[in-house]
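Work out the full structure, taking the sequences as your base and the hints as a guide.
As you go down the protein sequences, you meet chains A, B, C, D, E and F in turn.
With the working numbering applied, the first sequence has no gaps in its numbers, which climb one by one up to 130 at the end.
With the working numbering applied, the second sequence has no gaps in its numbers, which climb one by one up to 130 at the end.
With the working numbering applied, the third sequence has no gaps in its numbers, which climb one by one up to 130 at the end.
With the working numbering applied, the fourth sequence has no gaps in its numbers, which climb one by one up to 130 at the end.
With the working numbering applied, the fifth sequence has no gaps in its numbers, which climb one by one up to 130 at the end.
With the working numbering applied, the sixth sequence has no gaps in its numbers, which climb one by one up to 130 at the end.
Hints are computed from structural coordinates only; laboratory data are not their basis.
Some hints here could point you the wrong way.
Identical chains blur together in the list; that is why a pair holds if it fits in one copy or across any two.
[As the list claims (entries may be wrong)] SDA-like cross-link-like pairs, simulated, lysine to any residue; straight-line CA separation at most 20 Å:
#1 Lys88 - Gln50
#2 Lys18 - Arg28
#3 Lys42 - Arg117
#4 Lys42 - Glu95
#5 Lys42 - Asp93
#6 Lys42 - Gly55
#7 Lys24 - Arg117
#8 Lys42 - Glu120
#9 Lys18 - Asp129
#10 Lys42 - Arg116
#11 Lys42 - Pro113
#12 Lys42 - Val56
#13 Lys88 - Asp48
#14 Lys24 - Glu124
#15 Lys42 - Gln94
#16 Lys88 - Arg126
There are 6 protein chains.
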Amino acid sequence: MSQKADEFSKERARLNEIVMQYADLGIKRFFSLDGQVYREGVLDTKTKELMGLVASAVLRCDDCIQYHVIESRKAGATDQEFEETMAIGLIVGGSIVIPHLRRAFEMWHELRAADE
Amino acid sequence: MSQKADEFSKERARLNEIVMQYADLGIKRFFSLDGQVYREGVLDTKTKELMGLVASAVLRCDDCIQYHVIESRKAGATDQEFEETMAIGLIVGGSIVIPHLRRAFEMWHELRAADE
Amino acid sequence: MSQKADEFSKERARLNEIVMQYADLGIKRFFSLDGQVYREGVLDTKTKELMGLVASAVLRCDDCIQYHVIESRKAGATDQEFEETMAIGLIVGGSIVIPHLRRAFEMWHELRAADE
Amino acid sequence: MSQKADEFSKERARLNEIVMQYADLGIKRFFSLDGQVYREGVLDTKTKELMGLVASAVLRCDDCIQYHVIESRKAGATDQEFEETMAIGLIVGGSIVIPHLRRAFEMWHELRAADE
Amino acid sequence: MSQKADEFSKERARLNEIVMQYADLGIKRFFSLDGQVYREGVLDTKTKELMGLVASAVLRCDDCIQYHVIESRKAGATDQEFEETMAIGLIVGGSIVIPHLRRAFEMWHELRAADE
Amino acid sequence: MSQKADEFSKERARLNEIVMQYADLGIKRFFSLDGQVYREGVLDTKTKELMGLVASAVLRCDDCIQYHVIESRKAGATDQEFEETMAIGLIVGGSIVIPHLRRAFEMWHELRAADE
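What follows is the structure in structure tokens.
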């Protein structure tokens with residue numbers, strides 16, 4: 015994994031630990047549900063991760079986007095699949111998506127470089 | 015097609031005609047781009063329509079949702095593919111998506127009845 | 015209950031039934047979680063419903079607002095508690111909340127009239 | 015004014031009256047501020063109304079859009095000024111703005127017809 | 015107060031000073047209104063701050079969340095009241111709230127540590 | 015230009031270059047359209063940039079805001095025109111706009127200082 019992706023995952027884990035010190039059933043169940051929904055069903059994990067990516071892109075949530083960029087790549091998404099997904103997010107969400115799209119491509123670019 | 019879907023498509027066409035009486039290059043190019051982005055690429059049309067659906071669901075745009083429900087079905091999406099897509103939209107977007115999810119399933123249900 | 019609230023609840027139930035014909039575990043668990051989170055805890059139900067109301071107001075979800083107006087009133091919220099909650103929603107969410115605030119006060123007004 | 019615009023304004027006034035039966039200082043001051051901000055300053059009223067329109071378009075608030083379409087026209091906006099404003103709203107906000115843009119052009123079209 | 019909260023408040027004050035060099039009546043009145051709406055009424059300050067928190071959470075505004083976390087704690091909110099409020103924000107707003115919820119719990123955790 | 019604005023523009027250019035390594039026709043056409051829509055028409059560039067600013071403010075996109083602050087100033091917007099535009103953004107979008115408004119005024123303040 016790239017350094018950026020690695021730092022992102024560590025910070026995420028550190029903060030999740032704090033949340034879990036306080037979280038009651040509601041939050042815990044939601045976190046669990048959030049994991050389950052991307053598991054392979056009739057739609058495969060790659061497609062589901064790309065759907066999570068497009069949803070995160072139009073809602074302009076950088077952390078969510080970074081997470082789904084990493085997971086989409088892990089699930090085997092290609093450059094072109096990533097690009098077509100981001101294009102849908104851009105057209106649906108408009109120019110306000112652009113700053114997030116830039117950071118998404120940067121993460122993708124780094125993950126790719128780290129894989130070579 | 016179901017009556018609801020038919021009325022939806024007619025109203026959409028009627029209003030598009032008004033828009034086009036006033037639209038200059040910018041709006042026209044955007045409309046054209048909006049059509050192109052869902053065309054088959056490395057991702058097939060069905061997957062792209064389901065992505066348009068999940069993006070519309072989390073942004074809570076009823077007209078956009080209805081449109082992509084109709085197009086997803088035309089592109090061959092099954093009950094389960096539709097359900098898994100809506101589940102992602104619900105978890106990402108939260109309970110405020112529920113009223114839109116209800117109307118999405120109602121449209122799906124009617125399209126299905128009309129096909130039988 | 016007022017006629018408006020009654021029709022709202024019936025339509026909601028009718029559509030929920032359609033959703034449940036298709037819903038798999040993910041959607042079902044979310045619906046269940048959505049019910050649990052407003053149950054009495056260290057915060058009482060009235061406070062939680064007013065929180066659901068302010069969240070729905072700033073997200074400008076009419077169906078969600080109507081639902082929490084009805085539930086807040088059932089939970090014993092007074093005119094002034096309702097007003098102060100809506101004022102927070104208005105200041106946080108801005109003038110785009112106003113059309114929803116209008117419909118929220120209309121529902122409240124009808125519920126009040128029906129109770130007299 | 016067109017019939018559609020007339021009905022819109024009457025319904026708005028009817029609901030505002032209900033709000034004012036309950037509203038305390040906070041809501042009243044906000045409503046007053048909301049009126050003041052579009053008054054002529056270094057920017058004229060037409061420009062401010064078109065800004066209110068573009069803000070309402072990207073936030074996808076139909077009532078707010080209809081209101082600013084009516085006020086922009088009253089303030090002397092031309093077809094082309096209206097079109098260029100909506101084009102900015104469309105590019106910034108993306109394809110989810112389209113259903114609202116359609117209804118905005120329909121209102122504009124009716125106001126124009128009523129003026130002839 | 016914790017160091018993080020202290021830095022947050024200082025930066026906020028520094029920037030407010032810049033805004034006030036340019037702000038005319040409209041912005042000044044809004045800032046004043048924004049302060050008034052959380053003052054004790056029939057709802058106490060703690061409840062109002064928690065409402066401001068839930069509204070900020072679903073709108074995913076980190077600065078607003080941090081501010082209301084600090085103010086909720088000052089107003090006497092307990093761990094459990096904070097948790098139940100965040101749970102409502104999470105269910106209403108969905109998984110895109112999670113990155114903000116993480117940072118909210120981190121701030122809470124630091125404020126708590128600083129108080130011990 | 016101020017140092018902050020200069021760094022902002024360089025980072026934007028660096029990331030755009032990465033995007034363009036992957037971008038296909040859809041994204042490229044959107045980027046081109048996004049440039050065209052602010053060009054002088056019946057509305058002048060200054061007015062269009064201020065409209066882009068108000069749209070970015072209510073959508074709370076910091077990068078978009080910074081960009082339009084820079085471009086509005088380049089196009090000749092005065093302190094008062096900037097202030098009146100931000101006031102509309104604040105009233106329409108509510109208190110959640112405030113953190114972004116603070117950073118917008120900071121950028122404006124630095125651009126102004128750099129021009130003196």
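Which numbered conditions among the earlier hints are violated in the structure presented, ordered from lowest to highest?
none
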